[in-house]
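*Asks:* As a plain string of letters, each chain reads:
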Amino acid sequence: MSQVKEGLLYSESHEWVRMDGNVAIIGVSDFAQSEMGDITYVDMPDEGDALEQGEDFGALESVKASSELYAPVSGTVVACNTELESAPELINKDPYAAWIIKVEISDKAQLAALMSAAAYAAKIGA
Amino acid sequence: METLKVTPLHEAHLALGAKMSPFAGYDMPISYSGIVDEHNAVRTSAGVFDVSHMGEIEVGGSGAEAFVNHIFTNDVRGMQPGHILYGMMLYPDGGVVDDLLVYRLFSQDPSYLLVVNASNIEKDFDWMRTHAEGFDLSLRNRSEQWGQIALQGPDSEKILAEVLGIKEGEALRFYTFVQIFWRGDPLLLSRTGYTGEDGFELYTTPSSTQLLWKTLVDAGVKPCGLGCRDTLRFEAGMPLYGHELSEEISPVMAGLSVFCKLDKPEFIGREALAAQKAQGTPRKLVGMELQDNAVPRAGYPVELEDGTPVGVVTTGYHSLSLDKSLCFALVDSGYSALGTPLWIHIRRHSFPGTVVRKNFYKTNYKK
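Just so you know, the protein sequences line up as chains Z and V, in that order.
The first sequence finishes on residue 126 if you use our numbering, and the numbering steps up by one all the way, no holes.
The second sequence finishes on residue 493 if you use our numbering, and the numbering steps up by one all the way, no holes.
Please keep in mind that the hints were generated in silico from the structure rather than gathered at the bench.
Note that beta-carbon positions come from the ideal geometry of N, C-alpha and C, so glycine has one too.
Please note that the accuracy of each hint is not assured.
To be verified - Short, incomplete list of chain Z residues facing chain V, as computed with Cβ under 10 Å: (1) G37; (2) D38; (3) T40; (4) Y41; (5) D43; (6) P45; (7) D56; (8) E61; (9) S62; (10) V63; (11) K64; (12) A65; (13) S66; (14) E68; (15) P88.
What the hints assert, rightly or not - Computed cross-link-like contacts, BS3-like style, restricted to lysine-lysine with a CA-CA straight-line distance of at most 25 Å: (16) V/K145 <-> Z/K93; (17) V/K348 <-> Z/K93; (18) V/K145 <-> Z/K123; (19) Z/K108 <-> Z/K5.
From just these sequences and the hints, can you work out the full model?
*Replies:* As C-alpha cells, then:
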C-alpha cells in the first residue's frame, strides 16, 4: 500500500509540494515511484528555468519506461537536487525526502488547484 | 476489444503476483520481483521464462528441404538432425516477414520445426501456405499444442540436471537439440536462448510446461518476465522483430547478412539482398552509446549537432549490466561508421553519443 505523507499538497500527476515561504519544494509520491519501479535516471530542468503550471519540466526514467514530470505550480526553478544525478534510486527509497526541484512560485493562488493528503489518498485508493 | 490469449502458465503468473501486460495478443508477465533483479539473476545465476507464446510450425513431406530453403535466408541443405539455424523469411523486396529458428528434426527424410515470433504466427503460416504450391509438403501450425519455457543463465546446465533430472543438457552444444521424454511427455530440449547467456529452451505439452515451471520455481529458480527478456537480448546485440527487423528493415540494413546465404541458388528476397549488398542501403542499423545517463527510447530522433535528423532509435535502455545509456538506431549510412558522433533528441534536449558496436555485452555461451 502506498504511503501518503500528511502536510503536503499533491497534483493529479502524482507530484507532491511542500511550501517553504515562497518556495515550493517538489517531488513525486510514493505511489508514483512504486508504479515506476527502479528509477535509473532523473531528467531535471536548469536553475533559472521558468515553469508554467501543468507544463512538463523533466522526467523519471525506469528500466522500461519514462514518465514525465509536470509542474504543479508556475514559477522559477531556484534549485535542483543534484544528488539525484548519481543516486536516482533515492526516490525509490524515500520519495518524500528525495525532492527533485525547488520553485519560487509566482502565484500562490495556484496552490488551491492541488489536493490535500486525504484527497490524494482517496484518489489513489490508499 | 479482442480477448487476450493465455499460455498454460497464466494462472501460475497471477499466483506469483506478476505484473501482466498484453504482448502479441497474449496476457504475458512483464516482471515478478522487478526487471533489475530478474536481469541480474540471469546474468549471474539463472532465471526461467514463460515463452509459450512463441509459434511452432512443422514442415514435413518429400519437398520439405526444398521448401524451407526457398522461404528461408539461411541454408538448410545438409543440416544434421538435432541442428538449429537462425535466419529470416523475406519478401521479394528484402523486407522481413519474420525472423525464426529452424530445427532439423530426427526424421529419416528431412522435416523441420520452425519457431517464429508470437506476433507473426498467422502471417507467417499464411505466407508459407501461399508459397507451398508445387512442393510436396505437410505444413502444420502447432503453436497451440506446444508450451515453451526458457531456462537461461550460467547455472542452467546444473539446474537442468539437478532440479529437473535432465542429464542430456550437458552434452548439447550451442544451437543443437535432442528429443527426449520427461515424466512421460515428449520434450524438445534445445541449447538456445535470447539473453546472451548459456541456457536452454524446453518445448513440451501444456501440462508438462506447467510441471516444469512449478518444479523450477519451487526449487528457487527466479521467474523472469518479458521486461528483462528485452533488456537481456538488447545488451547481447540481438534484434527484435518490429524494432530492428521489419518490412522496412532488411537483414542487410540490420547487419545480419551472415544469416543470409547469397551463395544459395535461390530464395525469396535473394535478388533484393544481393543488390543491397552490392549497392549499399540508404540506412543502416548501428549501436550508440550516450555520454549522459538520459535514456534513449524507440522512436526518438537521431540528429547531427546542428539538429539535422539522420535517423531514429529502434530500442534503447540504460543498460543494467554495463551501466551506460545505449541504443540501437537506424541511421543514414553516411553516419554509420564506428566512432561517428551523433546526438539523440530526448524530450527538450539533444544528448551527444557515439556509434559503437551493436553487441554491447560479451556473450557467455558455453559450448
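*Asks:* Next, verify each hint and record whether it holds.
*Replies:* Here is how each hint holds up against the structure:
no.	hint	verdict
1	G37	6 Å, holds
2	D38	5 Å, holds
3	T40	5 Å, holds
4	Y41	5 Å, holds
5	D43	6 Å, holds
6	P45	8 Å, holds
7	D56	7 Å, holds
8	E61	4 Å, holds
9	S62	8 Å, holds
10	V63	4 Å, holds
11	K64	5 Å, holds
12	A65	8 Å, holds
13	S66	6 Å, holds
14	E68	8 Å, holds
15	P88	8 Å, holds
16	V/K145 <-> Z/K93	20 Å, holds
17	V/K348 <-> Z/K93	23 Å, holds
18	V/K145 <-> Z/K123	22 Å, holds
19	Z/K108 <-> Z/K5	21 Å, holds
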